[in-house]
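Q: Sequence:
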Amino acid sequence: MASPVLSTYRLQLRGPSAGDAFTFADAEKLLEYLDGLGVTHLYLSPILTAAPGSTHGYDVTDPTTVSDELGGPDGLARLAEAAKARGLGLVVDIVPNHVGVDRPERNPWWWDVLRNGRQSAYATFFDIDWTADPDGRILLPVLGSDSDVADLKVDADTLRLGGLAFPIAPGTGDGSGPQVHERQHYKLIGWRTGACGYRRFFSITSLAGLRQEDPTVFETSHTEVARWFREGLVDGVRIDHPDGLTDPTGYLRWLRDLIGPQAWIVIEKILGVGEPLDPSLPVDGTTGYDVLREVGGVFVDPTGATALTELVDGNGFDYAYAPEMLRQLKITAATSTLASELARLRRSIVTAVGADHPQLPDAVVALLTNVGVYRSDYLSLSSLLSVAIAQTVTEQPALAAPLQLVSLALCSAEPAARLQQLCGAMTAKAVEDCYFYRDPRLVSLNEVGGEPECFGVSAAEFHRSAAVRGRLWPHAMTTLSTHDTKRGEDVRARIGVLSQVPSLWAEFVASWQTTTPAPDPATALFLLQNIFGVWPADGQVTDELRTRLHAYAEKAIREAAWRTSWNDPDTEFEDAVHAWLDAIVDGPVATELTGLVVQLEPHAHSDSLGQKLLALTVPGIPDVYQGTELWEDSLVDPDNRRPVDYSVRGSELERLSHPKIRVVRAALHARRDRPDAFLSGEYRPVLAVGAAASHVVAFHRGSDVLVAVTRWTVRLHHDGWGDTILPLPEGVWTDRLTGSRFSGPTPAGEVFGELPVVLLESSDA
Numbered sequence: 000m001a002s003p004v005l006s007t008y009r010l011q012l013r014g015p016s017a018g019d020a021f022t023f024a025d026a027e028k029l030l031e032y033l034d035g036l037g038v039t040h041l042y043l044s045p046i047l048t049a050a051p052g053s054t055h056g057y058d059v060t061d062p063t064t065v066s067d068e069l070g071g072p073d074g075l076a077r078l079a080e081a082a083k084a085r086g087l088g089l090v091v092d093i094v095p096n097h098v099g100v101d102r103p104e105r106n107p108w109w110w111d112v113l114r115n116g117r118q119s120a121y122a123t124f125f126d127i128d129w130t131a132d133p134d135g136r137i138l139l140p141v142l143g144s145d146s147d148v149a150d151l152k153v154d155a156d157t158l159r160l161g162g163l164a165f166p167i168a169p170g171t172g173d174g175s176g177p178q179v180h181e182r183q184h185y186k187l188i189g190w191r192t193g194a195c196g197y198r199r200f201f202s203i204t205s206l207a208g209l210r211q212e213d214p215t216v217f218e219t220s221h222t223e224v225a226r227w228f229r230e231g232l233v234d235g236v237r238i239d240h241p242d243g244l245t246d247p248t249g250y251l252r253w254l255r256d257l258i259g260p261q262a263w264i265v266i267e268k269i270l271g272v273g274e275p276l277d278p279s280l281p282v283d284g285t286t287g288y289d290v291l292r293e294v295g296g297v298f299v300d301p302t303g304a305t306a307l308t309e310l311v312d313g314n315g316f317d318y319a320y321a322p323e324m325l326r327q328l329k330i331t332a333a334t335s336t337l338a339s340e341l342a343r344l345r346r347s348i349v350t351a352v353g354a355d356h357p358q359l360p361d362a363v364v365a366l367l368t369n370v371g372v373y374r375s376d377y378l379s380l381s382s383l384l385s386v387a388i389a390q391t392v393t394e395q396p397a398l399a400a401p402l403q404l405v406s407l408a409l410c411s412a413e414p415a416a417r418l419q420q421l422c423g424a425m426t427a428k429a430v431e432d433c434y435f436y437r438d439p440r441l442v443s444l445n446e447v448g449g450e451p452e453c454f455g456v457s458a459a460e461f462h463r464s465a466a467v468r469g470r471l472w473p474h475a476m477t478t479l480s481t482h483d484t485k486r487g488e489d490v491r492a493r494i495g496v497l498s499q500v501p502s503l504w505a506e507f508v509a510s511w512q513t514t515t516p517a518p519d520p521a522t523a524l525f526l527l528q529n530i531f532g533v534w535p536a537d538g539q540v541t542d543e544l545r546t547r548l549h550a551y552a553e554k555a556i557r558e559a560a561w562r563t564s565w566n567d568p569d570t571e572f573e574d575a576v577h578a579w580l581d582a583i584v585d586g587p588v589a590t591e592l593t594g595l596v597v598q599l600e601p602h603a604h605s606d607s608l609g610q611k612l613l614a615l616t617v618p619g620i621p622d623v624y625q626g627t628e629l630w631e632d633s634l635v636d637p638d639n640r641r642p643v644d645y646s647v648r649g650s651e652l653e654r655l656s657h658p659k660i661r662v663v664r665a666a667l668h669a670r671r672d673r674p675d676a677f678l679s680g681e682y683r684p685v686l687a688v689g690a691a692a693s694h695v696v697a698f699h700r701g702s703d704v705l706v707a708v709t710r711w712t713v714r715l716h717h718d719g720w721g722d723t724i725l726p727l728p729e730g731v732w733t734d735r736l737t738g739s740r741f742s743g744p745t746p747a748g749e750v751f752g753e754l755p756v757v758l759l760e761s762s763d764a
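Position 653 of the sequence shown, counted from 1, bears residue number 652 in numbering that gives the first Met the number 0, the numbering being contiguous throughout.
For the record, the hints were derived by calculation from the structure and aren't laboratory data.
One should not assume that every hint holds.
What the hints assert, rightly or not - Straight-line alpha carbon distances no greater than 16 angstroms define the calculated EDC-like cross-link-like pairs of lysine to aspartate or glutamate that follow:
(1) LYS554 <-> ASP569
(2) LYS152 <-> ASP173
(3) LYS554 <-> ASP574
Stated by the list, open to error - Beta-carbon label-pair distances, calculated as ranges:
(4) GLU591 <-> ALA76: 52 to 58 angstroms
(5) ALA550 <-> GLU591: 21 to 27 angstroms
(6) THR215 <-> GLU653: 48 to 54 angstroms
Glycine included, C-beta positions come from ideal geometry on N, C-alpha and C.
Between the sequences and the hints, there should be enough to build the whole structure, so can you do that?
A: Below, the structure is given as structure tokens:
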């Protein structure tokens, strides 16, 4: 019988070859601590065999085996047994959409396909475009240039070039490397050609897409997953990027049938603002990026929008142009980064309808820029594509004819699926992987699932979204930090405080631009907020932090693809940015940064505690990302996958003097003690009254739990609570955090006398 999932704790596993190993055995050592913290399930990053040295596990090379580096099947069994002995369970992250092919010899399925071509038993496992090459060979964009083929060497039954190795088909190994290469089922080409002979994960050629719509592929790749549930090792799964599949709805139905009705299934589905999750999906909900936006956004002060917009407008970022910039980024992503996918979609459309049009690619791209979601073929979005077509024709009447071909092709399964897959990849590459590294207005909003143009979330929107989720998706995951977030939750909270002091921030920025001018003002605005987000309150920038900041700056400016990029790095600009960063750290700006951090730190901590308590108590199943039970200063991956010091956390759990671990422990234990209130209890807003009522966000869970948090504390610190009252019901309400007791309408100043948050429980229930 599966253990009910009340809360999870995300662990990033990695084998010894990746450095800083964290295996099943290491996870087993944490069981006492995690039990004491109050979680009910360990939520493990992917555990199937991945590429040697993988630091994340999403590059699975053998979906049929548990990673020996992590401890193998025996290690998993021991962890599951030890967890069960404490009343805990396991949830595992699985990756159905793609496998790792960076080193073909490490992936037995891929190696066999390259060796035997269409005759391979695994030829139908991969989404291979056999028509991309006139000779029907699989195009592999792995070379620096096409001419590198001349350097191929024959080594027994293998072709080698530097560290690359590829199989030689039986009976084709005579001759020089280039001669042998001409006889293979694959063709090695330069990566800059833009061609690729298989569906990738977005534009990552080292991750090849699987055809999970094929029952044989599904069954073979899920044999191990099925065993976990059959033997009672695992209670739930997180599904990585189902939007990349040909038929995500069909896949999820097969998965539900495979692992049973009681298994907890959450999907990494990134929803646009206002986009509903299809209620027909046989899942428990998303992994919580929608909740992350709402919980973090409710602490953003909307009054700061105008001043921060003026600041970026004055520093080279025209915010009124931002929607058009985003549209252009989507066009570039589709026509350049994903040119191979666009070309394949065009061929698919032409085959389906028996006609072509010179503007067909333009029509497809224009249409997708108007879709606005990652994927529009879910039942709940059935009218969206029609609306997008109408909008596109209105905007560009010349595309009406090719759009008719697109519309006709959408009646056929293959072009319909490929259009959706291109849409998701285009959106991710343009928005998450580019625009979110450009928009410098308030970078805490530039998060997966976020929409920076929406400056915060009103209390009304927050309450309504929470109530709807409680009714439709009460077991969806809620989270604040993941392995994919652009910056950690406490970093976002600190940056969010700038919405409360926009003029002060603008003054500092103007001063810093004078004393330490940057090579590009808009880039500086973006980086300065991130630097502020992780700057130590004591002003002591360690060598480690300096290295982390430089690594982040390089990644950020390359992802932004404004003045430099991954494919064409501008070393002169990058060197100038690194020199500027060192000047910030070593010069007069550092002293002023430290002073600003010290001034705003109490407000940042207040918001951190507030958003943490909300994430742990709103409708849904909360996940605590590893280490975030204390203050943390992570930036984007791989920074957010650094080792966690659990000895420090164990000591803090014993002392319970740190406010954040107090909040986490209290909320998780409340969920254990009162599961009905959180799993099936209603959600009902509680509205404060008085001069500072807008500074309170509060709600009931069921009849016996009341949560209240403080926000926008800069202004509150100046004006005070005044006559503000929190209308508590009659009876005795005890704060699980402090032990304080209240009854009936209570002044907010008393309720929040010790901490900016309260978790009240009815003593009468």
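Q: Work down the list of hints and note, for each, if the structure agrees.
A: Hints, verified against the model:
Restraint check for LYS554 and ASP569: satisfied, since their Cα atoms lie roughly 13 angstroms apart, inside the 16 angstroms limit. Only pairs whose Cα atoms come within 16 angstroms are accepted, and LYS152 paired with ASP173 is accepted, the gap being roughly 11 angstroms. Distance hint between LYS554 and ASP574 is fulfilled; the C-alpha atoms sit about 13 angstroms from each other, no more than 16 angstroms. A hinted range of 52 to 58 angstroms for the beta carbons of GLU591 and ALA76 is consistent with their spacing of about 55 angstroms.
A hinted range of 21 to 27 angstroms for the beta carbons of ALA550 and GLU591 is consistent with their spacing of about 24 angstroms. A hinted range of 48 to 54 angstroms for the beta carbons of THR215 and GLU653 is consistent with their spacing of about 53 angstroms.
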